[in-house]
Amino acid sequence: MMNAADFIQIDQDLCTGCRHCASICPVQAICGEPKKPQSVSSDRCIVCGQCVQICSAFDSIFEGRSKTRAARLQERELPHSLAEPLFAAYDRNSLAEIEAALLERNLQTVAHCDAAALGPLAEEFGLPSGGIKPGQVVSALRKLGFHQVYSNTFPAGIAILEQAQEISERVHKGGNLPVINSSCPAAVRFIEQSYPELIYYLSGCRSPRQIAGSLTKAYLAQRFKVDPAYLFSVSLSACTAHKFEATRSELRVREHRDIDAALTVRELAWMLKHGAIEPALLEESEFDQELPPINELQEVYCRTGDVAQAVLETTAELMGVENVAVECITAENNGACFFKVRIGDTEYRAASVSGLQNAVPFLEEMRKGESSFRFLELMACPRGCISGGGQPKVLLPERRDPIYAMRAKLTAFEPSRPGAKLSTNAAISHLYEDFFGKPRGDKSNHILQTRYVERLNGQQPVRAGSS
Amino acid sequence: MLNLDSLTSFVLADTGKCVGCRTCEIACALAHMTDPPDVAGEMQVQLTPRLFVMVAGEVTAPVMCRHCEDAPCANVCKMSAISRVNGRVLVNTERCVGCRLCLMACPFGAVEFAPLECDAEPIHPTTAESTVEKNKTMYRANKCDLCNDREDGPACITNCPENALVLVNAAAATRRRRNEAALDLLAEQNAVWV
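Residue numbers (the working numbering), protein chains in the order written: chain A, 1 to 467; chain B, 1 to 194.
So that you can see chain A by itself, here it is in the shape it has in the complex (with noise of 0.2 Å):
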């Protein structure tokens, strides 16, 4: 298994140390004096790819380096026909891999998609964000060889009803509140390392993403009829920490790994790039139905706030409260914003915060025992998924906002917005009933959560939602 640091490389022969990379890594992982080349510490960085994001030390013709672009494509093991400059700060692929297991005659291949992803895979053809439909990035996957291509909305309302459902269970038996979203990988592994302290606030439910490759191992490969060593996952997302995620080994449906290899935005194009396929000229075509999207959900996970709302929105739902209205208290200020929704005689409140400089005076509050939510959202990226480190690389500063505008804008915010209503939806309904039993048995918690681990002391795991 890859030690978590060996995802994010800094090229030392292109680094100029101006470590605009230290100024935005939350976790002071980027080591090195200034002016000369950086490397990164791989106890503590959380692989969000910001780093990569931000770097602009490329490697300049006018240089005559005694590298070759050649040489360092391969390097990198990128395809020779990348035609875009390289940068110092990069992020290891899987492109390899997946190119042989698309290749391989016995394997089923799975692409599992983002919607964070999908959007702005458009800029990568010079095309503005939401300029190549969600249906033309299917077919383009469909082209690529992927024989089923999923939306990660499904595995995504799952993860909502078991987090709603957490949170329940826990103001009922009084565990440990709020219940910390684990959707975010980076933040996830930020928890485990700096305040191990908390992972038992962690829900213990696996992120969508995993969710999606557990389902692909246990139950598409007992509805297909295939051994699941036969399918091959592929999760499609704007996330570089997803890359380590993905190689946590807990997170496996016996010993078949949930996700076999993450890919980013980026890399997507540049396998579509290599292969002459411009998904803006394909036909739409629709995901596959065995993991139905849930339509109201296209937006969640793009933004900072969505998922906050949907988890309170599922929790008054399994309460049992009708026509249930969660009210956003304040619109996002340094990153966070607030839902309360009315339960009973009680106020349930949950707060949705993305970059996690702006996460630690939450996390202090619950280290203190003071918070008041029952729901805490923690997205790693300065602007939740939109600015992942896997999105698109945008080359000036200036252009940063106004294009983080352009995707956010793709998944405008509605606060009257219809509620998913997932504690009745029909395809999550028919799944338990058909697979489960029931959220949070003893089948769904197989296949459906995790465990953590306190990063700093010791390497045993813990289970996460027990206290």
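Hints were generated in silico from the structure; no laboratory data involved.
Keep in mind that a hint or two might mislead.
Said to hold, decoys possible - Below, a sample of chain B positions facing chain A; criterion: calculated Cβ distance under 10 Å:
hint, residue
1, C18
2, V19
3, E25
4, I26
5, A27
6, D35
7, P36
8, P37
9, D38
10, G41
11, P49
12, F52
13, G57
14, V59
15, T158
Stated by the list, open to error - If the Cβ cut is set under 10 Å, some of the chain A residues that face chain B in the computed set are:
hint, residue
16, P120
17, P128
18, A269
19, Q391
All residues carry an ideal CB built from backbone N, CA and C; glycine is no exception.
Chain B: place on chain A using the hints.
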């Protein structure tokens, strides 16, 4: 439009502020593209900046054209491809044959040779037909033009995250220096008279 004095203006880096991030180089290269991309993946050509960040020990700074009054690059050009227009030393790439004399003549190393973006037409088609390889990448003199057509002035200055670059206007700078000197004189005189 930037109003340049007829006296030379040029971009100068504050070595105390410059961290060597090369954002100025990226901004420069993009400012000179016809349809500049927003994201790295969109780029199908290499970046061809017209200024060059140098790392020399503890010091980092971009080096670029000083738009010399008696510009050696212009003087040495056999094709009259380099001329001084409104305080800027500019290359006419349509006249440039890529001989690299200007590169050798520049005392600052500010001239580079970049692959031409458009289809390069040979300058003397009659002789070129027999001697120039077909579809060969043409390299032409490429140097700072102070972002000739850019409304906000040089892209390197507006994009520098450290605010390390300034446009030096020689006339304004000398006027300011003289003012300062005059005030110093006054202070000295006051000191003597008291």
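Checked hints:
| no. | hint | verdict |
| --- | --- | --- |
| 1 | C18 | holds, 9 Å |
| 2 | V19 | holds, 4 Å |
| 3 | E25 | holds, 7 Å |
| 4 | I26 | holds, 6 Å |
| 5 | A27 | holds, 6 Å |
| 6 | D35 | holds, 8 Å |
| 7 | P36 | holds, 8 Å |
| 8 | P37 | holds, 7 Å |
| 9 | D38 | holds, 5 Å |
| 10 | G41 | holds, 4 Å |
| 11 | P49 | holds, 7 Å |
| 12 | F52 | holds, 6 Å |
| 13 | G57 | holds, 8 Å |
| 14 | V59 | holds, 8 Å |
| 15 | T158 | holds, 7 Å |
| 16 | P120 | holds, 9 Å |
| 17 | P128 | holds, 9 Å |
| 18 | A269 | holds, 5 Å |
| 19 | Q391 | holds, 9 Å |
Hint compliance for this structure: every hint is met.
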